[in-house]
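> Using the hints provided, position chain B relative to the given structure of chain A.
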Amino acid sequence: MYKSFKATMLKYKALTSCKIQETMTFRFGFFTSFIASLVQTFVMLYVWNEVFSQKQTIMGFDKSQMLTYLVVSQCLNAIYGWYNATERNISARIKSGDIVLDLVKPINFNFARFYEGIGMTIIQIIFSGCVLLLFIVFNPSVATPTSFMHFIAFLLSAFFGYVCMFSISLITGLLSFVISGYWGLYYLKKAIIDLLSGALIPIGLLPLVLQRFADYLPFKNIIYTPTMIYMGRISINEIVKQMSIQVIWAFILWQLCKYFYRIMIRRVTINGG
Amino acid sequence: MTVVIEAKNLSKSYESVIREKGLKGAVKSLVSKKTKTIQAVNDISLSINKGEIVGYVGPNGAGKSTTIKMLTGILKPNQGSVQICGIDPFKNRTENAMNIGVVFGQRTQLWWDLPISETYELLRRMYQINDKVYKQNLNDFIEILELETFMSRSVRQLSLGQRMRAEFAAALLHNPKVLFLDEPTIGLDIEVKKNIRKFIKRINDERNVTILLTTHDMKDIEELSSRIVVINHGELIFSGDSQQMSKKFDAKKTIICHLSELVFEEQINLSEYRKQGIQINIDKYSIIIKIDATLPVSGLISKLIEQFPIVDIDIQGPLIEDIVMEAYHV
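If you read the protein sequences in the order shown, they are chains A and B.
Last residue of the first sequence: 272 in numbering that gives the first Met the number 0, with the numbers rising by one and none dropped.
Last residue of the second sequence: 329 in numbering that gives the first Met the number 0, with the numbers rising by one and none dropped.
These are computed hints drawn from the structure, not numbers from a lab.
We treat Cβ as the ideally placed atom computed from N, Cα and C, and that holds for glycine.
There's no promise every hint is true.
Derived Cβ-Cβ restraints for the label pairs, each shown as a range [said to hold, decoys possible]: (1) A:Phe158 x B:Thr1: 48 to 56 Å; (2) B:Lys131 x A:Phe158: 45 to 53 Å; (3) A:Gln210 x B:Leu159: 56 to 64 Å; (4) A:Met8 x B:Lys7: 37 to 45 Å; (5) A:Ile233 x B:Lys33: 50 to 58 Å; (6) A:Arg261 x B:Leu159: 35 to 43 Å; (7) B:Ala25 x A:Pro139: 52 to 60 Å; (8) B:Gln315 x A:Ser95: 36 to 44 Å; (9) B:Thr93 x A:Pro139: 51 to 59 Å; (10) B:Lys134 x A:Arg261: 37 to 45 Å; (11) A:Arg211 x B:Met150: 37 to 45 Å.
The following block holds chain A by itself, in its conformation from the complex (with noise of 0.2 Å):
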């Protein structure tokens, strides 16, 4: 028993370290990416210096929070941009018919991906994680986490958010089994995470509609949670209760994975030949 799950471990464990590899010998890219995230955080740090010098709080967010709010989801949003690589990857393999080797393999296909990802995750958490440091020590307005505890949770919280994350790009991708140009659907992914999942602005600043509506959907578990909890802004009670919210929908949408990849695999056809 033991000795068979770790060897499954292995055989994924290789997969992250292929992953990892692969990633590296795109150093630039993924070094030119990393600028641009930074740009545009700073971007959005002007903006947000410039309305606090004309206000003390906005929706209960001094100019201390909201730039630590800003800086803590950007690192996030970052390491989970990348991880679009995974619904790009599984497009462009659909595309040129490639995909039947992932099929040849005695390997859980969903599995496989989680794992390449987390092989391409690992390297973003280590730039983001520098940048992160970079603006606690430069920027006296970015906040450390309110405590170790809230650290930890940040960090097991940041996890979850990443399984959500993940299985919804994963779903993207696995529609793009049966539809052909998968980009429209990633946009409109994208805007909604953008809006929804508090990538650009807390919730709490969106209309009360809207804040309503992302009550009952995932994408606030994404990155809106986390920020929260790393921010001390939410009670210990409340701490528990998101983070329960969280596993429940990384569980669902985990089994939705699963679900679309039975279907989709039943209509696939390959391209070429």
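Relative to the frame of chain A, chain B by itself:
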């Protein structure tokens, strides 16, 4: 004899979108989509024994690749059943994957940006290959396929010949019982082709691997396969060895008599030969005869020798290429 590949009444059809020509057609297709059902494979039954090398041939679009995809568990057949080593490949995809190895000549399973050794390392984990088996196989393949010189180079830097050799090693590391080769020699030079054929033969001899091979190079079929299966328009039209095949598609052998002087049609009673079903033609210094592969030729030749100043005679057995061409047009 144990049956390794067993396919019964396999059928597969696709929905294909019909689009009218040009921009107008493109706009129109946004509103109303017409589809057409294409029957890629129609009622094919196939049974392959352990250790056989079966050449699976047919013109482009005949349904070869679709069949292979159903046999490897990638596509679900609309009708019929498949068993590979007693396992339904679509239902038990991962279980089946352990038993099979696959080489697609037009695709690569190697990681494009990594050295081939990294892909092998990954496959070792993925198939949970025993350390001893892995080392033994890897060393064997490095030696036979001469991979040593480019083991640490990334795949995108390899030539097609090098890549295909690496591809074969990747497909065989886990000791598969069945090997599916979909156009494995496509685009390769003569020498690499020859080496690959030798390798396939050797794998089949030493490891008793059952091989299903699709190709457009009849040399592959001639040198490797113990049985030929021909399909066209999704239907199986022949299964048997090359002799049975030449019988079925009444293959002709060609006799060319080279003469020392010009011949003219009047010198030879063409209609008499043609009555016997012998095609005979004259081309300046030679007489070209096409005759049923099964008929004896000695009488005919001695008659010609008496009549004409023959300096040389070529007899070409029925070329498999011609027979296959014949079969495609049935």
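> Mind listing which of the numbered hints don't hold for this structure, in increasing order?
The structure conflicts with hints 2 and 11, although it agrees with all the remaining ones.
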